[in-house]
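Number of protein chains: 4
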Amino acid sequence: MANSRYEYVKQFEKENYLLQDCYIIIRVDGKSFHKFSSHYNFNKPNDEKALEVMNLTAEKIMNKYDDILMAYGDSDEYSFLLRKSCSLFDRREMKLITLFSSLMSCYYIYYWQKLIGQLDEDHLPLFDARAILYPNFNLVRDYFSWRQVDCHINNLYNTTFWNLVKLGLTPQESEKKLMGTISSDKHEILFKECDINYNNEPEMFKKGTILVKQFDNYEMQSNNLTIRQKQRYDKKLKKQSIIVKYHNDIINDNEWWNNKPWLKD
Amino acid sequence: MANSRYEYVKQFEKENYLLQDCYIIIRVDGKSFHKFSSHYNFNKPNDEKALEVMNLTAEKIMNKYDDILMAYGDSDEYSFLLRKSCSLFDRREMKLITLFSSLMSCYYIYYWQKLIGQLDEDHLPLFDARAILYPNFNLVRDYFSWRQVDCHINNLYNTTFWNLVKLGLTPQESEKKLMGTISSDKHEILFKECDINYNNEPEMFKKGTILVKQFDNYEMQSNNLTIRQKQRYDKKLKKQSIIVKYHNDIINDNEWWNNKPWLKD
Amino acid sequence: MANSRYEYVKQFEKENYLLQDCYIIIRVDGKSFHKFSSHYNFNKPNDEKALEVMNLTAEKIMNKYDDILMAYGDSDEYSFLLRKSCSLFDRREMKLITLFSSLMSCYYIYYWQKLIGQLDEDHLPLFDARAILYPNFNLVRDYFSWRQVDCHINNLYNTTFWNLVKLGLTPQESEKKLMGTISSDKHEILFKECDINYNNEPEMFKKGTILVKQFDNYEMQSNNLTIRQKQRYDKKLKKQSIIVKYHNDIINDNEWWNNKPWLKD
Amino acid sequence: MANSRYEYVKQFEKENYLLQDCYIIIRVDGKSFHKFSSHYNFNKPNDEKALEVMNLTAEKIMNKYDDILMAYGDSDEYSFLLRKSCSLFDRREMKLITLFSSLMSCYYIYYWQKLIGQLDEDHLPLFDARAILYPNFNLVRDYFSWRQVDCHINNLYNTTFWNLVKLGLTPQESEKKLMGTISSDKHEILFKECDINYNNEPEMFKKGTILVKQFDNYEMQSNNLTIRQKQRYDKKLKKQSIIVKYHNDIINDNEWWNNKPWLKD
Numbered sequence: 006m007a008n009s010r011y012e013y014v015k016q017f018e019k020e021n022y023l024l025q026d027c028y029i030i031i032r033v034d035g036k037s038f039h040k041f042s043s044h045y046n047f048n049k050p051n052d053e054k055a056l057e058v059m060n061l062t063a064e065k066i067m068n069k070y071d072d073i074l075m076a077y078g079d080s081d082e083y084s085f086l087l088r089k090s091c092s093l094f095d096r097r098e099m100k101l102i103t104l105f106s107s108l109m110s111c112y113y114i115y116y117w118q119k120l121i122g123q124l125d126e127d128h129l130p131l132f133d134a135r136a137i138l139y140p141n142f143n144l145v146r147d148y149f150s151w152r153q154v155d156c157h158i159n160n161l162y163n164t165t166f167w168n169l170v171k172l173g174l175t176p177q178e179s180e181k182k183l184m185g186t187i188s189s190d191k192h193e194i195l196f197k198e199c200d201i202n203y204n205n206e207p208e209m210f211k212k213g214t215i216l217v218k219q220f221d222n223y224e225m226q227s228n229n230l231t232i233r234q235k236q237r238y239d240k241k242l243k244k245q246s247i248i249v250k251y252h253n254d255i256i257n258d259n260e261w262w263n264n265k266p267w268l269k270d
Numbered sequence: 006m007a008n009s010r011y012e013y014v015k016q017f018e019k020e021n022y023l024l025q026d027c028y029i030i031i032r033v034d035g036k037s038f039h040k041f042s043s044h045y046n047f048n049k050p051n052d053e054k055a056l057e058v059m060n061l062t063a064e065k066i067m068n069k070y071d072d073i074l075m076a077y078g079d080s081d082e083y084s085f086l087l088r089k090s091c092s093l094f095d096r097r098e099m100k101l102i103t104l105f106s107s108l109m110s111c112y113y114i115y116y117w118q119k120l121i122g123q124l125d126e127d128h129l130p131l132f133d134a135r136a137i138l139y140p141n142f143n144l145v146r147d148y149f150s151w152r153q154v155d156c157h158i159n160n161l162y163n164t165t166f167w168n169l170v171k172l173g174l175t176p177q178e179s180e181k182k183l184m185g186t187i188s189s190d191k192h193e194i195l196f197k198e199c200d201i202n203y204n205n206e207p208e209m210f211k212k213g214t215i216l217v218k219q220f221d222n223y224e225m226q227s228n229n230l231t232i233r234q235k236q237r238y239d240k241k242l243k244k245q246s247i248i249v250k251y252h253n254d255i256i257n258d259n260e261w262w263n264n265k266p267w268l269k270d
Numbered sequence: 006m007a008n009s010r011y012e013y014v015k016q017f018e019k020e021n022y023l024l025q026d027c028y029i030i031i032r033v034d035g036k037s038f039h040k041f042s043s044h045y046n047f048n049k050p051n052d053e054k055a056l057e058v059m060n061l062t063a064e065k066i067m068n069k070y071d072d073i074l075m076a077y078g079d080s081d082e083y084s085f086l087l088r089k090s091c092s093l094f095d096r097r098e099m100k101l102i103t104l105f106s107s108l109m110s111c112y113y114i115y116y117w118q119k120l121i122g123q124l125d126e127d128h129l130p131l132f133d134a135r136a137i138l139y140p141n142f143n144l145v146r147d148y149f150s151w152r153q154v155d156c157h158i159n160n161l162y163n164t165t166f167w168n169l170v171k172l173g174l175t176p177q178e179s180e181k182k183l184m185g186t187i188s189s190d191k192h193e194i195l196f197k198e199c200d201i202n203y204n205n206e207p208e209m210f211k212k213g214t215i216l217v218k219q220f221d222n223y224e225m226q227s228n229n230l231t232i233r234q235k236q237r238y239d240k241k242l243k244k245q246s247i248i249v250k251y252h253n254d255i256i257n258d259n260e261w262w263n264n265k266p267w268l269k270d
Numbered sequence: 006m007a008n009s010r011y012e013y014v015k016q017f018e019k020e021n022y023l024l025q026d027c028y029i030i031i032r033v034d035g036k037s038f039h040k041f042s043s044h045y046n047f048n049k050p051n052d053e054k055a056l057e058v059m060n061l062t063a064e065k066i067m068n069k070y071d072d073i074l075m076a077y078g079d080s081d082e083y084s085f086l087l088r089k090s091c092s093l094f095d096r097r098e099m100k101l102i103t104l105f106s107s108l109m110s111c112y113y114i115y116y117w118q119k120l121i122g123q124l125d126e127d128h129l130p131l132f133d134a135r136a137i138l139y140p141n142f143n144l145v146r147d148y149f150s151w152r153q154v155d156c157h158i159n160n161l162y163n164t165t166f167w168n169l170v171k172l173g174l175t176p177q178e179s180e181k182k183l184m185g186t187i188s189s190d191k192h193e194i195l196f197k198e199c200d201i202n203y204n205n206e207p208e209m210f211k212k213g214t215i216l217v218k219q220f221d222n223y224e225m226q227s228n229n230l231t232i233r234q235k236q237r238y239d240k241k242l243k244k245q246s247i248i249v250k251y252h253n254d255i256i257n258d259n260e261w262w263n264n265k266p267w268l269k270d
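Top to bottom, those sequences are chains A, B, C and D.
Going by this note's numbering, the first sequence opens with residue 6, and the numbers climb by one from there.
Going by this note's numbering, the second sequence opens with residue 6, and the numbers climb by one from there.
Going by this note's numbering, the third sequence opens with residue 6, and the numbers climb by one from there.
Going by this note's numbering, the fourth sequence opens with residue 6, and the numbers climb by one from there.
No wet-lab data here; the hints were simulated from the structure.
Just so you know, not all the hints are guaranteed correct.
For identical chains, the list gives no copy identity; a pair is met inside one copy or between any two copies.
[What the hints assert, rightly or not] Lysine to aspartate or glutamate pairs mimicking DMTMM-like chemistry, simulated, CA-CA at most 25 angstroms apart: (1) Lys36 <-> Asp95; (2) Lys182 <-> Asp155; (3) Lys211 <-> Glu12; (4) Lys36 <-> Glu12; (5) Lys100 <-> Asp72; (6) Lys250 <-> Glu260; (7) Lys36 <-> Glu126; (8) Lys269 <-> Asp95; (9) Lys119 <-> Glu53; (10) Lys49 <-> Asp254; (11) Lys100 <-> Asp125; (12) Lys250 <-> Asp26; (13) Lys36 <-> Glu82; (14) Lys171 <-> Glu198; (15) Lys269 <-> Asp26; (16) Lys40 <-> Asp95; (17) Lys65 <-> Asp34; (18) Lys265 <-> Glu64; (19) Lys269 <-> Asp147; (20) Lys100 <-> Asp258; (21) Lys54 <-> Glu208; (22) Lys211 <-> Glu193; (23) Lys54 <-> Asp258; (24) Lys197 <-> Glu260.
Construct all of the structure, not just a fragment, from the sequences and the given hints.
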């Protein structure tokens, strides 16, 4: 019984090698988390514990793969930045994205059970994942700005919506009231009707969470090294790298970006 | 703060819609399960409980999605057959495969904890996944033959290898002894040195596990129905379908295939 | 000066291998042939000589490649059917489609100059090309039906439009008059106002041109041959094949298709 | 007769939109030009008239499309650089590459007939084409270096080979003599045996042909303009652009590149 007779079916398999010298962003996204969050009675508009589970999961994944330099997350999604020279799985798209969705489920469950408790058979945390290629760093910055704007829009809406519900409106009434409103309208409703100054809301809710792999004194020390010295240096650095958590504005703060030149590497 | 300014980065996202009217096979595969199996002290050559976790996971996934009609698995891999008219996620490859790797991790963990026990943070069950297109059913049959031949080859090798180790050989000695042997040599080593008749080994180990979504009296009843009647009928059937488990030879048994005409639908 | 230092840029090249065991249809389409046809004063609605150039070009291309079994064309487009086992250029999509667009330009120019005359530098016959995969022959038949319906719709419109123009209407008046009309309206306008019975129009204009690579007595002789005999037979046949031209209905005529079983091979 | 019943087959068509913000290089390559060049008795190692036909063809194509900023060619191949913001055909790969192979055939025939004469039915100039994406300009420079190194290696070999043949060696003897020789060996054979100093060979043969779309005073004038002014200015410039031909070293000459900053745009 030779294997070869049927092995030809393997020729129907296809690989997509992601274009080299492009930044890779992998975005994972919770599947049906609306239902998931009601089943487990998440606090609304934001559940701090559930967000912590997401953040711990993302941090764990970053620690497992050197090529991940940064991540941004809010709600049930996270975006990971892989360095443009990344050669994990030879940049095979299928391997990369299925690994990430699998990692998300594994560690989400792990930290959920540690921090929160039981999970029910028909309500497990599923994630999809996609890879996106960006040929230059300006696009990477705009990508993260896009996600942070999205976080802001959603959070402002949800904060207003749920506080109206707390005041006694039905979800339908609350939705109707917010229809057609712009940002400043929502700020005002919150302030006047709910006695909430949106600006004082927690930064994590308003800005999302930014995780950065940080290398101390990177700039100072890495200049004037030969390539081989630099590689050895990078290896050493890796072990010394730590992941720092931020909740700041990454849209307009050029200095914040300029202080982390290794992200562009 | 308009969303539109940064939204253009979304244009860099790409979808791959899997060619219509082709059967889709999604194969999931455990990541580094060699290490995983030593960490949790799997029985060698086969750990019945771990295989049961795999089988329960696959069955659960089949039950969640009507489009999965059959699955075949052995060791740390499983292949799912999706009907050729499947329109799950509009046949978007990334959505499909990342969902499957995520499902595998979720339910593997769930059933592991139910049947076996704890899982350690750095040894969680990761899976990758890939989708393969087959334009006709002969190719589908050859695909499953390919996997079953592979199961046989690996299991015969592993059974001989681990029984030699039980006899006192080191793994290196055992490996060396098997180098260059063909199938009949291994049968003989097993029989003469280990007192094992390979043919009496459990069918699940030798043939893997086949799961089929079965519809009673499908053939008899589905003839001579209009398309609309058939759709209604299929819906009804769906609720009545059950998943049947086999460990038989699916390479040569034409009758087994012919009795399940809905697999070709 | 070693080549290797820069050769790495070759890694950015990508191939797309067309899925095996699928029929390949390559459709070529004239670029800006509206302008082309006015520049060279084509007869309207159909220019018989220009169509002959297209047909000769398609026939020549069919003769060059054994894998092309059939072609269908009308106006400035042609669709070529390649057998599903075709392995030309290892089924590399880019090679196949750029060859076809190049072939079209070369032979169009060649036959144009032979039958019609000069071509002007800024009005040369450009073609684009695309490859489409069909997993089964029913789809192939529906594809050609789609093109023939399209031919019919366009030709009925154009015949009515240009005959109204001949009667003295401006193009704008003619277009306006036809707006919102259905098939039977156009038949009636042609009959009552232009004294033309559309059914008597030339079949080539109404149905397009079908080219089929024909093998005499194929069925009778090819039965009961071993595969090797069949291959030898196919080789012999190839030399004996001729291309037959049709202008018949290929949408409803099952017998026409059934008489050409080799098209499915 | 509604079109819709068969139109569904159109869903099997696929587009590949080339990643934005990447440079596109389209390389066209003569098909079987070895045979083509013997049929038309090209001068060996280089036929100046045939190269002129290639160069005129490439120049014509550059003039038709604003997005082509540069081209490099030698022998029967040409590489065209399209600006990274190019949106021709919405960057649809199939449209782009089939257009280029078609353009090559059309204009090659046109200029051949003008400069050289007749073409025979079975020896027409066919071209294939491919598109390659480069995310940054360093890669673009390395790409052109790769092609120029290739030109050099081939031309040195061919010059030596054909001059040995002129001396009376058979092609086989000549090939055998060159086997295993390095660059300096060939220089010496040429010098000592054929009385040829390779350095004095025509630059077009040794370096290939570089075509650049040149804009006078581009740098000086384009600074400090608003985007809208710049667009208007670019439009005006376009009409004023001319194509300049070079045969220089583009591998090491940084200044040559630095003087053409618009190539990076």
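_Non-conforming hints, listed in increasing numerical order_ = Numbers 12, 20, 23, 24 - these are the hints that the structure violates, sorted from lowest upward.
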